[in-house]
Amino acid sequence: MRYLPKSPAERQEMLAAIGAKSIDELFSSIPERFRLREALKIPGPYSETEVIQYFKDRAAENSVGYTSFLGAGVYNHLRSVVTDAIIQRGEFLTSYTPYQAEISQGTLQAIFEFQTLMSQLTGQEVANASMYDGSTAMTEAVLMAERLTSRQRVLVARSVHPEYRDVLKTYAKNSGLHVEEIPFATNGTVDLQKLKGALKDDVAAVVVQSPNFFGVIESYAPLAEAAHASGAMFVVAITEGVTLGLLRPPSEADIVAMEGQSFGLAPSYGGPFAGVIASRDKYVRQMPGRLAGQTTDSEGRRGFVLTLATREQHIRREKATSNICTNQALCALAATVHLTLLGKEGLREMAEQNLSKAHFALSELLKIPGVKRTFDAPFFNEFTIELPRSVKIVNSQLMHEKIVGPFALGTPYPELTKRALVCVTETTTRAEIERFAGALKGALEQPV
Amino acid sequence: MNEKIKKVSRHINQNEGLIFEKSSPGKRAFELPPLDVPPANLGEALGTNYRREGIEGFPEVSEIEVIRHFTRLSTWNHAIDLGMYPLGSCTMKYNPRVNEFVARLDGIATEHPYQPQELSQGCLKILRLLEKCLLEITGMDAITLQPAAGAQGEMTGLLLIRAYLQKQGNPRKKVLIPDSAHGTNPATAVIAGYEVENIKSESHGQIDVEKLREQVTGDVAALMLTNPSTLGIFEQRIAEIAEILHAKGALLYMDGANMNALTGVARPGDLGVDVMHLNLHKTFSTPHGGGGPGAGPVAMKKILEPFRPVPILVEKEGGRLCLEPVRPDSIGKVKAFSGNFGVLVRALAYILAYGPGVRQATEDAVLNANYIRKQLAGVYELPYSLPSMHEVVFSDAIQKKNGVNTMDIAKRLIDYGFHPYTTAFPLIVPGALMIEPTESESKEECDLFIDAMKAIAQEAATNPELVKTAPHTTRVRRLDEVGAARKPVLRWKPAPLHSEAAD
Numbered sequence: 000m001r002y003l004p005k006s007p008a009e010r011q012e013m014l015a016a017i018g019a020k021s022i023d024e025l026f027s028s029i030p031e032r033f034r035l036r037e038a039l040k041i042p043g044p045y046s047e048t049e050v051i052q053y054f055k056d057r058a059a060e061n062s063v064g065y066t067s068f069l070g071a072g073v074y075n076h077l078r079s080v081v082t083d084a085i086i087q088r089g090e091f092l093t094s095y096t097p098y099q100a101e102i103s104q105g106t107l108q109a110i111f112e113f114q115t116l117m118s119q120l121t122g123q124e125v126a127n128a129s130m131y132d133g134s135t136a137m138t139e140a141v142l143m144a145e146r147l148t149s150r151q152r153v154l155v156a157r158s159v160h161p162e163y164r165d166v167l168k169t170y171a172k173n174s175g176l177h178v179e180e181i182p183f184a185t186n187g188t189v190d191l192q193k194l195k196g197a198l199k200d201d202v203a204a205v206v207v208q209s210p211n212f213f214g215v216i217e218s219y220a221p222l223a224e225a226a227h228a229s230g231a232m233f234v235v236a237i238t239e240g241v242t243l244g245l246l247r248p249p250s251e252a253d254i255v256a257m258e259g260q261s262f263g264l265a266p267s268y269g270g271p272f273a274g275v276i277a278s279r280d281k282y283v284r285q286m287p288g289r290l291a292g293q294t295t296d297s298e299g300r301r302g303f304v305l306t307l308a309t310r311e312q313h314i315r316r317e318k319a320t321s322n323i324c325t326n327q328a329l330c331a332l333a334a335t336v337h338l339t340l341l342g343k344e345g346l347r348e349m350a351e352q353n354l355s356k357a358h359f360a361l362s363e364l365l366k367i368p369g370v371k372r373t374f375d376a377p378f379f380n381e382f383t384i385e386l387p388r389s390v391k392i393v394n395s396q397l398m399h400e401k402i403v404g405p406f407a408l409g410t411p412y413p414e415l416t417k418r419a420l421v422c423v424t425e426t427t428t429r430a431e432i433e434r435f436a437g438a439l440k441g442a443l444e445q446p447v
Numbered sequence: 000m001n002e003k004i005k006k007v008s009r010h011i012n013q014n015e016g017l018i019f020e021k022s023s024p025g026k027r028a029f030e031l032p033p034l035d036v037p038p039a040n041l042g043e044a045l046g047t048n049y050r051r052e053g054i055e056g057f058p059e060v061s062e063i064e065v066i067r068h069f070t071r072l073s074t075w076n077h078a079i080d081l082g083m084y085p086l087g088s089c090t091m092k093y094n095p096r097v098n099e100f101v102a103r104l105d106g107i108a109t110e111h112p113y114q115p116q117e118l119s120q121g122c123l124k125i126l127r128l129l130e131k132c133l134l135e136i137t138g139m140d141a142i143t144l145q146p147a148a149g150a151q152g153e154m155t156g157l158l159l160i161r162a163y164l165q166k167q168g169n170p171r172k173k174v175l176i177p178d179s180a181h182g183t184n185p186a187t188a189v190i191a192g193y194e195v196e197n198i199k200s201e202s203h204g205q206i207d208v209e210k211l212r213e214q215v216t217g218d219v220a221a222l223m224l225t226n227p228s229t230l231g232i233f234e235q236r237i238a239e240i241a242e243i244l245h246a247k248g249a250l251l252y253m254d255g256a257n258m259n260a261l262t263g264v265a266r267p268g269d270l271g272v273d274v275m276h277l278n279l280h281k282t283f284s285t286p287h288g289g290g291g292p293g294a295g296p297v298a299m300k301k302i303l304e305p306f307r308p309v310p311i312l313v314e315k316e317g318g319r320l321c322l323e324p325v326r327p328d329s330i331g332k333v334k335a336f337s338g339n340f341g342v343l344v345r346a347l348a349y350i351l352a353y354g355p356g357v358r359q360a361t362e363d364a365v366l367n368a369n370y371i372r373k374q375l376a377g378v379y380e381l382p383y384s385l386p387s388m389h390e391v392v393f394s395d396a397i398q399k400k401n402g403v404n405t406m407d408i409a410k411r412l413i414d415y416g417f418h419p420y421t422t423a424f425p426l427i428v429p430g431a432l433m434i435e436p437t438e439s440e441s442k443e444e445c446d447l448f449i450d451a452m453k454a455i456a457q458e459a460a461t462n463p464e465l466v467k468t469a470p471h472t473t474r475v476r477r478l479d480e481v482g483a484a485r486k487p488v489l490r491w492k493p494a495p496l497h498s499e500a501a502d
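First to last, the protein sequences are chains G and S.
Using numbering that gives the first Met the number 0, the first residue of the first sequence is number 0, and each one after it goes up by one.
Using numbering that gives the first Met the number 0, the first residue of the second sequence is number 0, and each one after it goes up by one.
What the hints contain is simulated information worked out from the structure, not anything from laboratory work.
The model shown is predicted, which means the values in this text are computed figures rather than measured ones.
Even glycine gets a Cβ: it sits at the ideal position worked out from N, Cα and C.
It cannot be assumed that every hint is accurate.
Computed cross-link-like contacts, EDC-like style, restricted to lysine to aspartate or glutamate with a CA-CA straight-line distance of at most 20 Å [claimed, not checked]:
#1 S:Lys26 / G:Glu344
#2 S:Lys173 / G:Glu317
#3 S:Lys124 / G:Glu60
#4 G:Lys391 / S:Glu117
#5 G:Lys318 / S:Asp178
#6 G:Lys391 / S:Glu213
#7 G:Lys40 / S:Asp178
#8 S:Lys124 / G:Glu317
Label pairs and their calculated CB-CB ranges [said to hold, decoys possible]:
#9 G:Thr185 / S:Asp178: 55 to 61 Å
#10 G:Arg301 / S:Val208: 50 to 56 Å
#11 S:Leu381 / G:His313: 20 to 26 Å
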């Protein structure tokens, strides 16, 4: 087998050195009745060529050749070939968690740069080395708020990504947290009055997302003020990081939980992505996950180490701030390379292109009879429209035109049937937007 | 240069500052295609409230600088691609390049989790085949691929147990965890709402079965057992352990971190295990990437199936696959979307490359560990004498007499060209040296490692200072970890302007 570096003679030589007659002897501690005598029933062995062919065949059964208007937490953005070239260097790809700092300085410095970029983007003072994804980052942010406040009620905006709320509920069930939903107002933003009504001195955290699941940009100041007035932490979730190239960062937040997928990571059917937790210096000892810190060696040179490990499971065991061990380091590295490539101007230009294309798309779609805008608050690269008929039926017609239509909001939000969440990024061309508008018009003109 | 150091020679590598320190306004490394729609009026679209000025300190560099920056950083890392990485419990095996290639194909990397299932049959078939392979390998009845890593798999497993017991009327209070377990086990039990009760190993490093019998009361929900244990020893009375638990209505959770010792040789499902996780980034060769991403599928017996996280992958007539979003008894979702799909793709590519021959990988892993054990026994103390499987645990008891501890030996190993083994774990071995070579090492590489370990043992006896001050050849020496924790510097900040400094 091509991955195994031993000849039969070498195996025999090693067995002889051990003093074993056969390889079976080395497994003698497994009781005889449990030892598998038959070969596993799994396909293979495949040559490299066959492995590639298997996956090419599967790829052909997917959506190749379609133009997509889906966002809803996973976004298509331009990705430079440089990013993949860097993260496929074996020294990054095939190294372990940098516990042995002297021979892991590359990974450690890159994590330090990632933490810096995430702090800069989110307007926070400190960010960790990554979480699994945005949904678990948001959940860990809430658990962190629970530890910091010793309170157990959590108010989560209904306009937060439905899957993020689902994950929070799974974790909350057994940690004594009570999760309540705060509805959205008619313009799609968090209903401030309802929030104020629900706030009491037992609330650990107020959680909002911006832009929220409907694409609507929230105004942080009044929400933060309301949360802080009752001693609750203000937690902001961000699913579309590119917004931070143009929109004010959530500086009012106590904890920011972000999905880093938009920074150079492919949609990849939902993962692997990179979760981000950022917060204030004073809360760092309650943060989950790994942190890289700057220090010096015994000769005074700058170097980096994993630090504040007394928060973590391998030291603190059942008293740790989280059970997370493996994180999404390589994805965080990809984000670091990607953001470094874009730089200050590139990120801003990318953000502006998203804004312009989405606004152009909305104006094109609103020309179609029967299509209406649902929420009138400002938006970035996603917006909600109302169709005169079922989004699912329309989408199945769009598929004939090789278009993957917008996200049907009616499934997670029964009150929003016939509403569609349209996403347009810098990767969507004007021609594609116009073709989509034309196809949608055609679909709506067909008799029901 | 020490003539005993055969594996490496010194050579220069480049210095490199932080990327922020190279930044200069106006440089850029990426250009977008021109905007092909009318530019939005920012004021109208957003209002001033929503806009930010430029991000202070954000890097501005050119493409060549980005390439050199990260390439230089990369040369400061050790990696499997450079040589043996014998971290016990971490299974640092070869990460096949073809896995990287297929995960990046158009139609694989490009797919959106919300696209119609008619256009996702390829993705779903990949998930289905991986499920079937992992079920065959583990001997279990049902599986979820959703958890993002081992620790999340552990949590999922305990939530399944909790939901199952709850359904019978009482979720119970305690989870039993051996003193040799990974730290994630107790940390996870707390998240799942359980108290942790530690159980002590007996003198051979195995579970004390008689003691366990007393500890398993009606309050106990489960035992979390790593098998082989973190000592690299197979838990010989595992079937009996399962019976004791089952007799009291408790379940057996197996931490599958060490599945590289069992794949193709024995199946946890046959041993009485009720639920377990796999670390695809260990046993199934997906790259560690400096700390992640991983994937932690959870395989289980039929009794736990109704509680699996949603969505559930089901096969409809005609072989069409579909993700079902609702199950009444599900524990819910543990992660958005359908798991770390790209990692799952790589694991399947690994399994297909071996097929049933994956047993050979297990055999070679166990062969390597035993070969190293044989050659180093006596040079280093072997605290537990039961047969080793895929890893071997020594202690620094002999070297300690000269003031040299496991960390010193580990650091000296770096000078010999090897990544250290896992130090000071498991906790039941004072001064542990935990060595897991994996199947990916040739006899030649194992021999070089053995030579290095013997040479260091000799140095520890004749020149302990040399070992205690190691490493001597790295670009930085031992780093001040205490100082790093006392005054944390966790991000770069721009230097204050002169005018501010003068104020």
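Pair hint outcome, lysine 26 of chain S versus glutamate 344 of chain G [Cα-Cα no greater than 20 Å]: holds, 9 Å
Holds or violated: lysine 40 of chain G to aspartate 178 of chain S, with C-alpha atoms at most 20 Å apart: Answer violated: lysine 40 of chain G to aspartate 178 of chain S is near 36 Å, above 20 Å.
Whether the CB-CB distance between threonine 185 of chain G and aspartate 178 of chain S falls inside 55 to 61 Å: holds, 59 Å
Status of the given 20 to 26 Å range, CB of histidine 313 of chain G versus CB of leucine 381 of chain S: holds, 24 Å
20 Å limit on alpha-carbon distance, applied to hinted pair lysine 173 of chain S and glutamate 317 of chain G: Given that 20 Å is the threshold and the Cα spacing comes to 13 Å, the pair holds.
Agreement of lysine 124 of chain S and glutamate 317 of chain G with the hint, judged by alpha carbon distance not exceeding 20 Å: With Cα atoms ~39 Å apart, lysine 124 of chain S and glutamate 317 of chain G exceed 20 Å; violated.
Given hint glutamate 117 of chain S paired with lysine 391 of chain G - CA-CA distance at most 20 Å: holds, 13 Å
20 Å limit on alpha-carbon distance, applied to hinted pair lysine 318 of chain G and aspartate 178 of chain S: Given pair lysine 318 of chain G, aspartate 178 of chain S holds - Cα atoms ~15 Å apart, limit 20 Å.
Hint check for valine 208 of chain S and arginine 301 of chain G - Cβ pair distance inside 50 to 56 Å: holds, 53 Å
Lysine 391 of chain G paired with glutamate 213 of chain S [C-alpha distance capped at 20 Å]: Since the Cα atoms of lysine 391 of chain G and glutamate 213 of chain S sit roughly 58 Å apart, the hinted pair is violated (cutoff 20 Å).
Restraint check for lysine 124 of chain S with glutamate 60 of chain G, where alpha carbons must lie at most 20 Å apart: Holds, at about 9 Å.
Violated hints, listed in ascending order, are 6, 7 and 8; each of the other numbered hints is respected by the structure.
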